[in-house]
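Engineer: The residues making up each chain are set out below.
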Amino acid sequence: MSAPVLSRSAAAEQDPAVAVRRSKKPSETTWLIAGTVLVGLLAVVSLFVGVSDVSLPRLLAGDPEAWDLVWISRVPRTLAVILAGTAVAVAGLIMQLMVRNRFVEPSTVGTVESATLGILVVTVLLPAAPIMMKMGVASVFALGGTALFLAVLGRLPARNTLLVPIVGIMLGGVIGSVTTFFAYKYDLLQTLGNWMIGDFSGVLRGRYELLWIVAALTLAGYLAADRFTVAGLGADFTTNLGMNHKAIMRLGLVLVSLISAVVVTTVGAVPFLGLIVPNIVSLLFGDNLRRAVPWTALFGAGFVLVCDIIGRTIRFPYEVPVGMVMSVLGATIFLALLLRTRKRHA
Amino acid sequence: MKTPVRVVLGAFAAGASLLALTACGGSTEAGAQADSGKTVSITHAQGTTEVPVNPETVYTFDLGVLDSMTALGLEADGVPETKYPESLAKYNDAAVAKIGSMKEPDFEAISNGNPDLIIITGRAASSYGELSKIAPTIDLSVDIKKPLDSFKEQAGKLGQIFDVETKVDEQLAAIDTKIADAKAKSANAGKGLIIMTSGGELTAYGAGSRFGLIHDVLGVSTVADIKSEGAHGESISFEFLKTNNPDTLYVVDRDSAMGTSGDAAKAVLDNELVASTNAAKNNKIVNLDSNAWYMVGYGLNNTEKMIDEVAAGL
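Protein chains in written order, with our numbering: chain A, 1 to 346; chain B, 1001 to 1314.
Incorrect hints may appear among the rest.
Claimed, not checked - Only pairs whose alpha carbons sit at most 27 Å apart, straight line, appear in this in silico BS3-like list of lysine-lysine: (1) B/1266 to A/134; (2) B/1098 to A/185; (3) B/1305 to B/1146; (4) A/185 to B/1090; (5) B/1227 to B/1103.
Calculated from the structure, these hints are not laboratory results.
Using the sequences provided together with the hints, build the complete structure.
Structural biologist: Spelled out as structure tokens, the structure:
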């Protein structure tokens, strides 16, 4: 069959980046460094966006008030954006590899909805619970929801590209409607809305540090990257290579669920990110997970930084939640991706 | 299969409405019989409606109207399903007919109850068409662009309908006195900012908003020209709070309106940036009763309560 050859040449034609990488392989490190510098620049811009007056001259003059603002408000927010962006994108990538489907991410398979249901349950039953406990319960719910998705998926006779995300979205819808029902019953719909739309406006020193947990989880995902690639090829294949398929799947499940739960409890749901970033990376750099993880992390951080900067400036001095900006940008990019994929197959 | 279920349901509904009728009989019977047959023409937000004077069975979706009726010694016979604050606690009783949620009427229950008058406001305003097919329906929404005048007008209409105009005038005069007192205090109280906390995030409300009473009527000056249109405020950061530095901070704790922890807003505002504002330094962070401000709104008793809360913080 000539299909692989065809698709490869088509991809190379459409994507100059792919062609460049093929012809001069060592330059990928250079690209990575350039990308890191770019994200670094975005981070610096992010540090200087805000309602209060924090300008370079004031900082250089050693103005204590300006420096206070930097440490209390600016640095935490930028760090939170980078940490959440990185982690959610990588979680999406892991998930896509585990189920071998490009249109899957924690917010389309019920993981995020389950985490939200978890927070709601704690809020109703134990309103004064400490944040760690809320997060713990959210994680347990996220685990349960994701496991349910994987179990349903395992029972599906055919796993075509569209069926998997449809099953995920349906499951997410069911869990989401249970959540909405209880939120309605306890008059928590508005609070629920705030959880479901990612927003960094409440981030201050002392309010985002939990996100360092997801940094550790993302690193773990990177280290285990090759295993997820193998596990995605199926239980028999994995076992033939002498690895424990169930254990790998369990690891992926725990990583994705914990990342989703921590991000939802600290800043809220960040839609589309885990979907579009891994897709862009795979279009540009192919499917080797170990290599894709740094790129995914970089793109994820950069994308959320851009969205947060837009959200903070578009209605200055007020804010538009990052989740809303991301939905608009994300939906546009995702649609473009879908159309492009169809063109290639045609 | 279907008919028996319907019969049972119908019988149940009939029983329920009978109960409701007997329950309300005690309170409004005397007035109702005296004025039977008379009507009054009420012009409201969605048209003009002929309304019976002293209607026997009154359904309302608005807690502000309910509050006014309580202040006037009246009772509603059908109310929305919600958690009622203490001032309206008697409507938590399952014996009072429940006619849907505050936003979505339960048309079947309303139709079965045969009300003589339905009073709606903003939250249920879009159901006006269907509701007016069931019974005379009036929309007594308070226009938040000119809250006081609008509220007085709506209260006056209640006075006409229930034939208690002198009582309404007395109460409105009492409110005017309170407003004058608060205004005298607010002139020297510096600038104020109204925020709502929900899920760890802040929304700011300005003049002309649902909480605009504070600026528009009581004369508290604003820290910024917040152009929030309608019911929703503007999402803000803590830096916005610090930079605009209000002398008084009025806080509506959305999460405590739902009977969760009342300290939710306190936890959100407990940080270094808020601590650097004049409001925090001078201990002028005023926690508004979220039931009064968010749930009930403009009513003859509740408006006094809202003014008192603002005045106490001035």
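Engineer: Look at each hint and say if it fits the structure.
Structural biologist: Hints, one by one, checked against the model:
1. Restraint check for residue 1266 of chain B and residue 134 of chain A: the C-alpha separation of about 18 Å stays at or below 27 Å, so the hint holds.
2. The straight-line distance between the Cα atoms of residue 1098 of chain B and residue 185 of chain A is roughly 15 Å, inside the 27 Å bound, and the hint therefore holds.
3. Note on residue 1305 of chain B and residue 1146 of chain B: the hinted pairing holds, with a Cα-Cα distance of about 19 Å set against a maximum of 27 Å.
4. Of the supplied pair hints, the one linking residue 185 of chain A and residue 1090 of chain B holds, its CA atoms being roughly 20 Å apart against a limit of 27 Å.
5. With a C-alpha separation of about 25 Å, the suggested pairing of residue 1227 of chain B with residue 1103 of chain B holds against the 27 Å cut-off.
The structure meets every hint from the earlier list without exception.
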